[in-house]
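*Asks:* Here is what each chain is made of, one letter per residue.
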Amino acid sequence: MEKENATPNPRRDFLKKSSLITAVALTPTAAIKAADNQLDERIAQAIENVPCSIEINGTKHTMKIDPRITLLDLLRERLHLTGTKKGCDYGQCGACTVHVDGQRVNSCLTLAVMNDGKKVTTIEGLANGSELHPMQAAFIKHDGFQCGYCTPGQIMSAVACIREGHADNEGEIREFMSGNICRCGAYPNIVAAIQEVKKGGKNI
Amino acid sequence: MKQFQYIRSVSQKAAISAITQEPKAKFVAGGTNLLDLMKRHVMTPERLVDINKLPLRDIKEENKGLHIGALALNSTVAEHATIVKKFPLLAEALNAGASAQLRNMATVGGNLMQRTRCPYFYDTTTPCNKREPGTGCSALNGFNRMHAIFGATPHCIAVNPSDMNVALIALDASVQVSGPKGDRIIKMQDFHRLPGDQPEKDTILDKNELITAVTIPASTLTHNHYLKVRDRNSYAFALVSVAAGLNLDGKTIKVARLAMGGVAHKPWRLTAAEQSLQGKQVSIEAFQQAADIAMQGAKGYGHNDFKLKLAPNTIVEALKIASRI
Numbered sequence: 001m002e003k004e005n006a007t008p009n010p011r012r013d014f015l016k017k018s019s020l021i022t023a024v025a026l027t028p029t030a031a032i033k034a035a036d037n038q039l040d041e042r043i044a045q046a047i048e049n050v051p052c053s054i055e056i057n058g059t060k061h062t063m064k065i066d067p068r069i070t071l072l073d074l075l076r077e078r079l080h081l082t083g084t085k086k087g088c089d090y091g092q093c094g095a096c097t098v099h100v101d102g103q104r105v106n107s108c109l110t111l112a113v114m115n116d117g118k119k120v121t122t123i124e125g126l127a128n129g130s131e132l133h134p135m136q137a138a139f140i141k142h143d144g145f146q147c148g149y150c151t152p153g154q155i156m157s158a159v160a161c162i163r164e165g166h167a168d169n170e171g172e173i174r175e176f177m178s179g180n181i182c183r184c185g186a187y188p189n190i191v192a193a194i195q196e197v198k199k200g201g202k203n204i
Numbered sequence: 001m002k003q004f005q006y007i008r009s010v011s012q013k014a015a016i017s018a019i020t021q022e023p024k025a026k027f028v029a030g031g032t033n034l035l036d037l038m039k040r041h042v043m044t045p046e047r048l049v050d051i052n053k054l055p056l057r058d059i060k061e062e063n064k065g066l067h068i069g070a071l072a073l074n075s076t077v078a079e080h081a082t083i084v085k086k087f088p089l090l091a092e093a094l095n096a097g098a099s100a101q102l103r104n105m106a107t108v109g110g111n112l113m114q115r116t117r118c119p120y121f122y123d124t125t126t127p128c129n130k131r132e133p134g135t136g137c138s139a140l141n142g143f144n145r146m147h148a149i150f151g152a153t154p155h156c157i158a159v160n161p162s163d164m165n166v167a168l169i170a171l172d173a174s175v176q177v178s179g180p181k182g183d184r185i186i187k188m189q190d191f192h193r194l195p196g197d198q199p200e201k202d203t204i205l206d207k208n209e210l211i212t213a214v215t216i217p218a219s220t221l222t223h224n225h226y227l228k229v230r231d232r233n234s235y236a237f238a239l240v241s242v243a244a245g246l247n248l249d250g251k252t253i254k255v256a257r258l259a260m261g262g263v264a265h266k267p268w269r270l271t272a273a274e275q276s277l278q279g280k281q282v283s284i285e286a287f288q289q290a291a292d293i294a295m296q297g298a299k300g301y302g303h304n305d306f307k308l309k310l311a312p313n314t315i316v317e318a319l320k321i322a323s324r325i
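From first to last, the protein sequence lines are chains A and B.
Be aware that the first sequence starts at 1, since it is given in UniProt numbering, and climbs by one per residue.
Be aware that the second sequence starts at 1, since it is given in UniProt numbering, and climbs by one per residue.
Isolated chain A, as found in the complex:
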C-alpha cells in the first residue's frame, strides 16, 4: 500500500538570507527572476525539500521533506506515530529507539532523508493486530516499567537485543541494553522480561 504524503508547506514570513544565497549560486537567473516576482517562498521550498521514500510499519510513505527533520520528528510530528518517544533528543537516553532495516537505532540522531529506501519499524508496528508482541506481554507480566516513558524504546531495544544474540545472561543483557535509560529504575524487571522471552525460545 502506498501513501502520498503532501507535507504542508511551512509558512514563512521571510526568506532566510542563506537560502537566497544558495539559490543564487544554484540557479542564478531563475532565482533572481523568481525573487523579483516575490516567489521567495517557493524557491526556498524547492531548494530545501528533499524527496524521500520510507516504508514505515509496512506502509510506504513518499514525501518531500525539510532535510533538518530527524527520523524521530518525522514519525511523531508528521506521521503522528507518537509511540516513539523523545527523551533527550541527543542519543543519550534510547527512548526514541526504532528498527531501521531490522537494526535498532536512535531515531533522534538520523535525518529522515538519510533513511530513503529503508524499512522502519516502530513500537506501533510490533504487535500482531490486537495480539501483543511477546516482549510487550513480558514487560506487562514483569512490571518492566513505572511511568512508561522509556518503555517503547526499551521494548524495541529488547527485541533487537535477543535477535542480535546478546541476551544470554543478565550481565550481557545489562551491557547490551545500556543505551536505554529508565529514570524510574525498573531495570531488574526489564531484565527479567527479556530473560523470559529469551528462554521462551520463540522466534521473535
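It is possible that part of the hints are untrue.
In silico DSS-like cross-links for lysine-lysine, where the CA-CA straight-line distance does not exceed 27 Å [as the list claims (entries may be wrong)]:
1. A:118 - B:13
2. B:187 - A:118
3. A:118 - B:60
4. B:26 - B:2
5. B:187 - A:64
6. B:53 - A:64
7. A:64 - B:254
8. A:119 - B:254
9. B:251 - B:187
10. B:2 - A:86
Pairwise CB distance ranges, derived in the manner of DEER restraints [as the list claims (entries may be wrong)]:
11. B:309 - A:53: 47 to 57 Å
12. B:57 - A:187: 32 to 42 Å
13. A:165 - B:278: 30 to 40 Å
14. B:250 - A:168: 28 to 38 Å
Facing chain B, a subset of chain A residues (Cβ under 7 Å, in silico) [what the hints assert, rightly or not]:
15. 50
16. 53
17. 64
18. 67
19. 90
20. 91
21. 97
22. 104
23. 105
24. 109
25. 110
26. 113
27. 114
28. 175
29. 176
30. 179
The hints are simulated quantities; they were obtained by calculation from the structure and are not laboratory data.
Model, not experiment: these values are computed from the prediction.
We treat Cβ as the ideally placed atom computed from N, Cα and C, and that holds for glycine.
Given chain A, put chain B in place with the hints provided.
*Replies:* Showing chain B alone in chain A's frame:
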C-alpha cells in the same frame, strides 16, 4: 538546527566534488556525532553531503591483514568473525564504546572523525578555542576531570573520545583517504594531532578529503585486552582506557603494543613502554616499570589529577589481564 543544503551522493567522485564546491560543507555518514553537534549549534555546516550510498562497507582480509571500508558500521566490525578472532583488541574496543543503537549507526570513518566531548566545546555560551579559535580554553582552569594529561597546551586540554582509535593505533592501522588531489594513506599515528595552537584541527585530514578505508597489517599478538575505566559500567566515555597486546613465547614478551585513551588530544601510543617490555619475562614488576615509563611527562590540571595514578594502574591491570598472570 540551522538550515543546510542536503546532497545525497551516489559516487565517490560526486561526493568529493560536492564537498569541494562549498567551503562550509561536511560529509555525513552515521550522523551520531555531527547531528548532535548541529542541534546544539556547535557545528553549522551549510551543506551536508550524505555518503551512505557509496560502496565503502566491505570488510575483507588482505595479505593476512584487514581492509575495513569507511562506511562499515561499528557493530558490524565488532561482530565480524575474522576481527573477533584475529584482531580482538579492535572488537573489544568497539564494544566498549557507545551503546548498541549508536554502534548500529556509527561508521568506522565517522568514529575516526568524532569530536571531543569536552563540555565547554559543547556549551556555546563559554569560550573554547576548538569551537571558536582565539576565545580561550574554559577547561584549563575549569571543570577538567575528563581532560588530558599528555600533550595538552594552554590552548586546549580536550581528549579524543574514541575507543576504536586506541585499538587502531595499537594495531598500527592506516587510514586511506581520497580527495580532489588524489589518494593518500595516513598512518594512524599521524592521523590525529595534538592541539598545539590550532586545537580546532583534530586531524591532519584536509577538508575535502574523504576517508575510504582503514587497513590493519597482519597481527602477531597472541594476548590482548582492552580495559576501559569509566564512571559507570557501560555507555560512558573513558576516564582512562588501555589497549594492551602481547606476543608471548612462553613467558617471554616478543612484541608489546600499548596505547591509551582518555588521556590526550589523540590516541596515545606508548612506544617507550612497549620497548621496555620487549624481551622481558611477564611479571608485575616489568608491567609497573613499563607504566612508569609511560607516565613520563604526564601533567594534571586539577580535577583530573587522579588520572596520574589511574593511568599507570590501568596499564598494569590491562597487561595483567592480557597476559593472564
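*Asks:* Confirm or reject each hint.
*Replies:* Evaluation of the provided hints:
{"no.": "1", "hint": "A:118 - B:13", "result": "holds (24 Å)"}
{"no.": "2", "hint": "B:187 - A:118", "result": "violated (35 Å)"}
{"no.": "3", "hint": "A:118 - B:60", "result": "holds (25 Å)"}
{"no.": "4", "hint": "B:26 - B:2", "result": "holds (14 Å)"}
{"no.": "5", "hint": "B:187 - A:64", "result": "violated (42 Å)"}
{"no.": "6", "hint": "B:53 - A:64", "result": "holds (19 Å)"}
{"no.": "7", "hint": "A:64 - B:254", "result": "violated (60 Å)"}
{"no.": "8", "hint": "A:119 - B:254", "result": "violated (50 Å)"}
{"no.": "9", "hint": "B:251 - B:187", "result": "violated (31 Å)"}
{"no.": "10", "hint": "B:2 - A:86", "result": "holds (20 Å)"}
{"no.": "11", "hint": "B:309 - A:53: 47 to 57 Å", "result": "holds (56 Å)"}
{"no.": "12", "hint": "B:57 - A:187: 32 to 42 Å", "result": "holds (34 Å)"}
{"no.": "13", "hint": "A:165 - B:278: 30 to 40 Å", "result": "holds (39 Å)"}
{"no.": "14", "hint": "B:250 - A:168: 28 to 38 Å", "result": "holds (34 Å)"}
{"no.": "15", "hint": "50", "result": "holds (5 Å)"}
{"no.": "16", "hint": "53", "result": "violated (12 Å)"}
{"no.": "17", "hint": "64", "result": "violated (12 Å)"}
{"no.": "18", "hint": "67", "result": "holds (4 Å)"}
{"no.": "19", "hint": "90", "result": "holds (5 Å)"}
{"no.": "20", "hint": "91", "result": "holds (6 Å)"}
{"no.": "21", "hint": "97", "result": "holds (6 Å)"}
{"no.": "22", "hint": "104", "result": "holds (5 Å)"}
{"no.": "23", "hint": "105", "result": "holds (5 Å)"}
{"no.": "24", "hint": "109", "result": "holds (5 Å)"}
{"no.": "25", "hint": "110", "result": "holds (6 Å)"}
{"no.": "26", "hint": "113", "result": "holds (6 Å)"}
{"no.": "27", "hint": "114", "result": "holds (6 Å)"}
{"no.": "28", "hint": "175", "result": "holds (5 Å)"}
{"no.": "29", "hint": "176", "result": "holds (5 Å)"}
{"no.": "30", "hint": "179", "result": "holds (2 Å)"}
Going down the numbered hints, you'll see the structure goes against 2, 5, 7, 8, 9, 16, 17, while the others check out.
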